[in-house]
Amino acid sequence: MALLATQNLTAHYGDFQALFGVDMMLEDGETVAIIGANGAGKTTLMRSIAGVLINGQESVTLDGAPIGDATADAIMAQGVAMVPEGRKLFPSLSVEENLLIGSYGRKTDGHWNLATIYDLFPILKERRNNPGTALSGGQQQMVAIGRALMSNPRILLCDELSLGLAPVVIRDIYQAVPKIKEAGASIIVVEQDIGQAMKVADRVYCMMEGRITLSGKPDSLSREAIHDAYFGAAA
Amino acid sequence: MIWIDTIIQGVLLGGLYALFAAGLSLVFGIMRLVNLAHGDLIVMGAYLILLLVTMTGLSPFIAAAIAIPFMFALGFGLQKFMLNRVLGDDILPPLLVTFGLSVVLQNALLEGFSADSQRLPTGALSTASVEVGGINLGVLPLLTFGSAVLVIVALNQIFYRTELGRAFRATSDDATTASLMGIKPANIFAMATGIALIIVTIAALYLGMRANFDPNIGPARLIYAFEAVIIGGLGSLWGTLLGGIIIGVAQTVGAAINPEWQILAGHIAFLVVLLIHPRGLFPRAVD
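As given, the protein sequences belong to chains A and B, one line each in that order.
Position 90 (the first sequence) corresponds to 90 in my numbering; numbering is contiguous.
Position 212 (the second sequence) corresponds to 212 in my numbering; numbering is contiguous.
One chain only, chain A, in its complex shape (with noise of 0.2 Å):
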């Protein structure tokens, strides 16, 4: 059984439908990359898989068992947390208080705590007390991973890891993602660089217009393949 899995999944805004009908699924200790263009649906999926987006009940299974219209905080709650795009550091709140914050509503012991997100991330420990919102792009990125971390979640979803970062501050985020999957997070990538995307992913969706046109493990999808997939056919 699959550890987290979508069926039939549609998200609207309003009128808008951002997703037709998308199935994925993430096994236990997988790390799955979803790459696409903007506008592909990617974060959508996100939003729908965190409970941001409320859906149908079966639309989205934990476990197998439905989760497709809980809210956030109990989606939380049973172990699934997320690194939204663009960080959402709160302002008002330390680096510290922003580590702190994200074990609210799931209280675990395992691998991380306060000390094993500052070996993760050191220069976090020494930038502690400033405003998170304080911190370079790169930084802010570590936080907000970091926040994700002190739940000591079973799922772990990133949003555009790479958006808006300079290609060394990548590198360095993306290090930090086998040491995540090495104490036992299973986790699901979104991403727009494909490159950073199929080095760590075991297995690889591809999305345009909210739907899943392709998927494999990186290894197995040629370069013709994912452009297809990514642009569509014809471009």
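These aren't lab readings, by the way, just hints derived from the structure by calculation.
One thing to keep in mind: the hints can contain errors.
[To be verified] With the Cβ distance kept under 10 Å, some of the chain B side facing chain A (calculated, not the full set):
{"id": "1", "residue": "Arg-169"}
{"id": "2", "residue": "Asp-174"}
{"id": "3", "residue": "Thr-177"}
Yeah, the Cβ is synthetic: ideal placement off N, Cα and C, and Gly gets one too.
Here the structure of chain A is known, so what remains is to put chain B in place on it, guided by the hints.
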């Protein structure tokens, strides 16, 4: 010496206004909700304390302590089952609902307690005073001011030293992202209004011991509270205390010049501060 005495009395009066305002400031700071029934809730608290004192013969302080859990539960329920339903991007629905609540409360109090003025019994406390440097200070005004400072300190401790305070601030910043942390914004808002009504009860205690009250004085208390909050900067707790002091000092100085100017002088001070600092003295950086 008379002017020093006047200013000190004004500072102490400011403590009462800060107590009126602290709950309003808390609720606005967390959920951007302007509760137009705030003044009427203070009056309702005073009647509740009066009822307990009349029924049991207890001191108003003990009666207020008994009223506090009830008022907390009332605030929690009010927010959870009524005000949360109208919170959103549009600020008009909460204003209308709390205005309606204000009207309902005034009429319910009028029906239940008549329009007669009431006062909480204070015994010797109302005339007790201590002399400090040649100035006589009333014990009750000192207690009021001390309570206001304690309330502000306690709220700051909750805000900046507890997990609940972090949740308050995070929810105030971004309720959607807060829900990704496992926070239930609806419960956080309800908790905030519950705490605000604890402060309302403390304000009601001193209101009822220092002056007469009747069912119709709520809106005027709301205006003083509003002015204190806005002078201090929306959402700033220490700013709210300072706002209360500025209005209190302006009123006592105005009254010393001409007794008819007391209320007007407070409003003028409010306008002057707004002209110089339109966002108040300590505005939040993130608004």
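Item to check | chain A contact restraint for Asp-174 of chain B - C-beta distance below 10 Å | outcome: This interface hint holds because 6 Å falls under the 10 Å limit.
Next on the checklist: Please check whether Thr-177 of chain B passes as an interface residue: C-beta within 10 Å of a C-beta belonging to chain A.
Outcome noted: holds (4 Å)
Checklist entry - If you take the shortest Cβ to Cβ gap from Arg-169 of chain B to chain A, is it below 10 Å? => result holds (4 Å)
Checked against the numbered hints above, the structure breaks none of them.
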